[in-house]
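2 protein chains.
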Amino acid sequence: MGAGLSPSVRAAFAAIVGAANVLTDADARSGYERDWTGRFVGSTPAVVRPRSVDEVVDCVRLCAAEGLAVVPQGGNTGLVGGGVPLAGEVVLSTRRLDHLSAIDTVAAQVTAGAGVTLGAVQDAARAHGLRYAVDLAARHSATVGGTVATNAGGLHVVRYGATRAQLAGIEAVLGDGSVIRHLGGLAKDNTGYDLAGLLCGSEGTLAVVTAARLRLVPRPAHAVVALVGLPDPSTAVEAVAAWRAVLPDLEAAELFLAAGMNLVCDTVGLRPPFAARPPVYVLVEVAGAEDPTDRLAAALEGTGVEHDAVAVATDERRRAELWRYREEHTTAINTLGPPHKLDVTLPLGALGRFVDEVPGIVAAVAPAARTWLFGHVGDGNVHVNVTGLAPDDDRVDGAVLEAVAGRGGSISAEHGIGTAKRRWLALNRSPAELAAFAALKHALDPAGILNPAVLLG
Amino acid sequence: MGAGLSPSVRAAFAAIVGAANVLTDADARSGYERDWTGRFVGSTPAVVRPRSVDEVVDCVRLCAAEGLAVVPQGGNTGLVGGGVPLAGEVVLSTRRLDHLSAIDTVAAQVTAGAGVTLGAVQDAARAHGLRYAVDLAARHSATVGGTVATNAGGLHVVRYGATRAQLAGIEAVLGDGSVIRHLGGLAKDNTGYDLAGLLCGSEGTLAVVTAARLRLVPRPAHAVVALVGLPDPSTAVEAVAAWRAVLPDLEAAELFLAAGMNLVCDTVGLRPPFAARPPVYVLVEVAGAEDPTDRLAAALEGTGVEHDAVAVATDERRRAELWRYREEHTTAINTLGPPHKLDVTLPLGALGRFVDEVPGIVAAVAPAARTWLFGHVGDGNVHVNVTGLAPDDDRVDGAVLEAVAGRGGSISAEHGIGTAKRRWLALNRSPAELAAFAALKHALDPAGILNPAVLLG
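Chains as they are written, first to last, in my numbering: chain A, 895 to 1351; chain B, 895 to 1351.
Hints may be right or wrong, so weigh each one.
What the hints assert, rightly or not - Selected chain A positions facing chain B (in silico; Cβ < 10 Å):
#, residue
1, 1070
2, 1075
3, 1089
4, 1140
5, 1201
6, 1204
7, 1242
8, 1274
9, 1305
10, 1306
11, 1333
12, 1334
13, 1351
No lab work stands behind these hints, which were simulated from the structure alone.
Every value quoted in this text rests on a predicted model; they were computed, and no experiment measured them.
Note that CB positions come from ideal geometry on N, CA and C, so glycine has one too.
Start from the sequences, fold in the hints, and give me the full structure.
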């Protein structure tokens, strides 16, 4: 693991991407070898940074010929060890594939290279009264390629779906170096198998995504954010279901707890939003062509919201302030050391009770650990963060994921399986499904060089 | 082709599904051997009608062991010869897989067996204030299995997407008889490859779909339908784009032409909607929690609508009357003999001109043929129907599909490739894409018994 490349292979990579884009020095490699939380640390003989799809093809073919495994890496914001070289793979960084087409205002679409950040897509769309429906806290680092490869979810799934739902086309390099390119962006196109949807969420195991055609949605003229306190998780789940039923333009519904709020305020230096300290917080955003403030206020009535724990914001600055209580969770938790991040979905009817039970499930295995919960309550998706564990101690991970599967939930809502959750995939997938996955993997990556340690590894 | 089964194979099928569900008499087979338009007529040694997924498994395994090709067939409403035994295949009818679960009102989902009709799903959903977003004129015959296998579109794609966008899970039998079952319906679930999305639209070539978990949407309290006249197709395309921008709840936008309107009125005995006879008609439906009539009326202002050609309906009976002008097109055209039905998507910017040009493209090849156009203008999707051609004369098909591809369009918007369009698939798909399709086909149907003459055949 981490053995250097032979001089001839290194020269071959340099001939493809230029010597400056073959990183072999330890300092240059280090940022690509560990995930940003610091939990997953590997080693690579080289980071190669192609500038075009043709260069990606040549890199993949060279790896296939040399029997070198490859980890594709975008903004390195993944949380399941799916984009770092944990088994000594070559890192293929897609960040230089950063071409962004003009916005197609007739179709409301854009073609983005894999290395374009979500933030750059948003900036380009904003100029035309549009936006990209996938948004998440890591927007200025996370790339189109990485978010497509992982079917990233984020803040607006409750209204618009995850990344797969935004995909109108894809360009990718398969394991044999062949190029799939279908970027026409037609609204309806039943000409064969849905390659874009299949590659989306395949976590770099079937292809290197090099570009995507993305649907854009109208940028609403008005938005309102409310942060409210609630007495318990089940009341929060029921309240959000009630709000959804009357607010079709509900854009986000985020849940977090008093402990997380306190940690965020202490760590980041924010003032608590209310004098009252409710056990549960929900942040909702509603947006539309007309001011939705009154509709939101009406929806909040009689749904368990604590009357002294309501903050409503309509102007952009104040909305961003309320969002910080939610979005700073990740940073605040990371100050306690690399967390174990378990991203799970529960059936909505089981979600409230699960939130109550998780700390006990964790404590039964690791009494000194601390549990932090936040997530996208409209989707049944919570992020269970556990601090105070050794990076390779996965007894808590197993206990929580088994509890999730036992309640009909998913062990990965939006982060993927990566290397972190491989051993539990069978909790959610039958032998027949795993065999089908393996057959598909072999079909598109017959040499098995693309992210071989991830998902099925 | 059409040779009888050996007595031992026939007995083996009868042991699986019961003798009454192995149809070998010519009379019993005939309804399964030809599509409803009468253009595609084949022959089968037997129709087998399993009642459960276990019986499907046994049928598929028997076919694999005997080297018998299988055509899965639902309601037999397909239009591209993808569900009839054109090469002497066994027909596996899914109509008896007709179990429908209770409506899950918390998740707004239902699990439907492959043989359940779309109409039955709608009826069940209606009782809970919900509906299924995929709706089409053949709703009382078309089945869940068939519409999933073909990624059916229909009338509401402009708002809700096609069938793939409604799928929250799938159950299917692969070519080796293994069963994929993932029907939990979680909103977010990144645990491996998107098998549901891959099988959706695979036209029976990768698996026999046996059940699906379907998302439902709220049934709007109010709906309004407007039928309007416009001076030409390009004005109609621009008008619909303008309406979409201000009507996020635009549910349908259907285009048809004066000739089709006249044919419908003459054939079905409807009275023309206007004294004026505009060249182009667009039918739009808008629905929501509040009465959208005023918003629709405001949107229609100044968008080229002819002032003496506007009909608006809010009550259900009158809305249905307006819809008949559109929905009876299929029946009316069929009275002229089996049409060639070419279902294509154009980029929106090229659609208006294409509609103008198609009759000339057809006439250049077949001067005596007649061309009928209608379709889903919001999606860029038009159905080019041509009558007066021999069933196997596909020169017109080729000329139209080449014109479509040359303008950046898709040769199949929502009907699929079937057997009818196989020879033109390369107009839209590169050798690398076709090779990837073939690899995926081999991965999930290694013996090549599932619909071998369809799509890639």
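Let's test the interface hint: is any C-beta of chain B closer than 10 Å to that of residue 1204(A)?
Interface hint status for residue 1204(A): violated (24 Å vs cutoff 10 Å).
Regarding the hint that residue 1070(A) lies at the interface with chain B, is the smallest CB-CB distance below 10 Å?
9 Å, holds
Supplied contact hint for residue 1242(A), tested at 10 Å Cβ to chain B:
5 Å, holds
For the restraint on residue 1306(A), tell me whether the closest CB of chain B is nearer than 10 Å.
5 Å, holds
Let me know if the C-beta of residue 1334(A) comes in closer than 10 Å to any C-beta of chain B, holds or violated.
This hint holds: residue 1334(A) lies near chain B, its Cβ roughly 5 Å from the closest one there, short of 10 Å.
Quick check on residue 1305(A) please, does its C-beta sit within 10 Å of some C-beta on chain B?
Holds. Min distance 6 Å.
For the hint on residue 1274(A), just tell me whether its beta-carbon gets within less than 10 Å of chain B.
6 Å, holds
Would you settle whether the hint for residue 1201(A) is holds or violated, based on the nearest Cβ-Cβ distance to chain B being less than 10 Å?
Residue 1201(A) check fails; min Cβ-Cβ to chain B is 27 Å, beyond 10 Å.
Against chain B, run the beta carbon of residue 1089(A) and see if the smallest gap drops under 10 Å.
6 Å, holds
Hint status (Cβ of residue 1351(A) to nearest Cβ of chain B, threshold 10 Å)
12 Å, violated
Is the hint on residue 1333(A) kept, meaning its closest Cβ partner in chain B is under 10 Å away?
4 Å, holds
With 10 Å as the cut and Cβ atoms as the points, is residue 1075(A) at the interface with chain B?
At 7 Å from the nearest chain B Cβ, residue 1075(A) passes the 10 Å test, so the hint holds.
Checked against the numbered hints given earlier, this structure breaks hints 5, 6, 13; the rest are met.
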